[in-house]
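*Asks:* Based on these hints, arrange chain B on the given structure of chain A.
If you're matching them up, the sequences are chains A and B in order. So the first sequence is numbered by the UniProt record's numbering: it starts at 1 and just counts up by one. So the second sequence is numbered by the UniProt record's numbering: it starts at 1 and just counts up by one.
Source of the hints: derived by calculation from the structure; they are not laboratory data. Be aware that one or more of the hints could be misleading.
[Stated by the list, open to error] Taking lysine to aspartate or glutamate and the EDC-like style, the derived pairs with C-alpha atoms no more than 16 Å apart in a straight line are: (1) A/K112 / A/E137; (2) A/K132 / B/E170; (3) A/K239 / A/E164; (4) B/K74 / A/E124; (5) B/K71 / A/E124; (6) B/K113 / A/E164; (7) B/K81 / B/D104; (8) A/K223 / A/E67; (9) A/K132 / B/D104; (10) A/K232 / A/E164.
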Amino acid sequence: MPLSTQSQGDAEQYVLVASLDNARNLSNILKAITFKDHAIFSATPNGLKVTVEDSKCLQANAFIQAEIFQEFTIRDDSVGFQVNLTVLLDCLNIFGGSTVPGVSTALRMCYKGYGYPLTLFLEEGGVVTVCKINTQEPEEPVDFEFCSTNVTNKVILLSESLKEAFSELDMTSEVLQITMSPSQPYFRLSTFGNSGNAHYDYPKDSDMMELFRCTKTQTNRYKMSLLKPSTKALALSCKVSVRTDSRGFLSLQYLVRNDDGQICFVEYFCCPDEEEQ
Amino acid sequence: MWCELSQANFSDEYQMEGGGRVPRTTRSAWSINRVVTHDVPVDVIPRRLWNEFKEPSMPDFDVSIYLPPLKTLKNIVDRMKNLSNFLVMEANLSGEMNLKIETDLVSVTTHFKDLGNPPWGDEASQEGGPSQSRDPEAMAQARVDIRKLQQFLMGQQVNPSKAMCNIVHERVVHLILLHEDVSLQYFIPAVA
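Same shape as in the complex, but just chain B:
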């Protein structure tokens, strides 16, 4: 999971104290009557290691689609979790997404329509040409562990202004929540 927070939004004062003991950042917020201070322990990463912590790059996805309302998605995924450990997410460039589970006892498929596809979905491939000729009805799919999807959906208490999903066929599901200046990206690898 990779989350970016813009520093300016969170505090008027932002201090780093090195000091030899556990470094802390102290955020303080002022309001009329009170000061609230949060001490958040951090590990300071030396500059020489910064390369190891890169924002994961946007993969070359096959399909990009807006997610249905997260509350609806959460209700359905919670129930599906009772029935199976794995779920297949598939979507196409016609705004359609399906969630599928299949076990010995039961198979369940939920169909979402008219979700809309982000405009840059068509330029997904850096090479330019091939994706534009992608059949809009063709589904890209990935089979994922339901618990990982549930974890992502638990974060839906924050009402995002945009929520979307990129799928690399049989490789990874990339979920993005945007809310004001905060972006949350969640990568779920596909399982066989």
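Isolated chain A, as found in the complex:
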């Protein structure tokens, strides 16, 4: 049955209905934050936010605005639930995630509210798959209290410049050290591994540096194991903003263009490693 008439009769009972002609516009961005099994979904009339956390020290958020969806209907001010993200991704890619041009999986995602499963209707080439994924009560995401007024240093870089560095990062180093300064070395990534130390410097007048706003020299270390998943978001993105606040908390914001050229954001927050300077 065509997805559009699927729930005409029961549109009333869903608190959230979101449709996409191309399910990849959701599944690709979710892959950028899949490092834990569970994700918190939070929907408002503005769109969908999906949050994944690790040990209260790392938080990743994916934002997909309502305009990205072909249909986005929400009955309450805010709808939230928690769901197994790996299961959700397997369902979104049930037809194999083909990259044949012109062939895409259509998605209609429906939720009836607390206690109900998340229902996905997926269609490709006339074949329909219905998935019902159990939901749990959403946990409250950590508030990192990262506010723009407290930002000491900010740079925006073209992602291609960081991709090479991140792919070569010495994984034997327990930490990734980020130095930001109004003077040399401006922006530096450092690792301290078994074979030695490595530094990646990005001068402030580099072509890759779109914005450079550093007010004070700061050096902070972050656990490599926490930041490593952010490489997936980096791979998808065209630009990344790196900000630190007075406490040394890190905010990485990635600008991602989907298959249709529309913009979505992925954001990572990370606490500094405790044994600091």
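*Replies:* Just chain B now, kept in the frame of chain A:
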């Protein structure tokens, strides 16, 4: 699994050497520039034991249906394998087939339509009468181990001219691939 190969298609020369050591068949193929020889070790089965190796007979199936494109089926079954170890295959005489999995975490159902049913599906039952009055919408189903279905689907590199499936309700799924002179039949028993 039971596979029949017509000898004539595979070689111009087909030799069996007994000899006291491991018997071998040697196939040789000639082309303009080269000769390719394959030595395939075989166990020769004495004639007195031939009865034990009979082609499995076609079971009295409840539904017979053409399979959807094997590549599509393989993609879906591969993903379902991530979610569950068992899958229910069901089909009816109206050309509809469903694949279903159900676990504590998730339930997934894929619906195929307009697949078509082979014409001899209606004569399935040897007794004649009962099957003709089978409700075309009624589903015959069997729950099978996904890995076994995956194994069958891995053979889809050969593009079969016909692929079909017979289901004996809650007993067995019988899959048949036909390609020129080769037929491949695959029986998957149902599990509880």
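*Asks:* Of the hints given before, which are not true for this structure?
*Replies:* When the structure is compared with the hints, numbers 2, 6 and 8 turn out to be violated.
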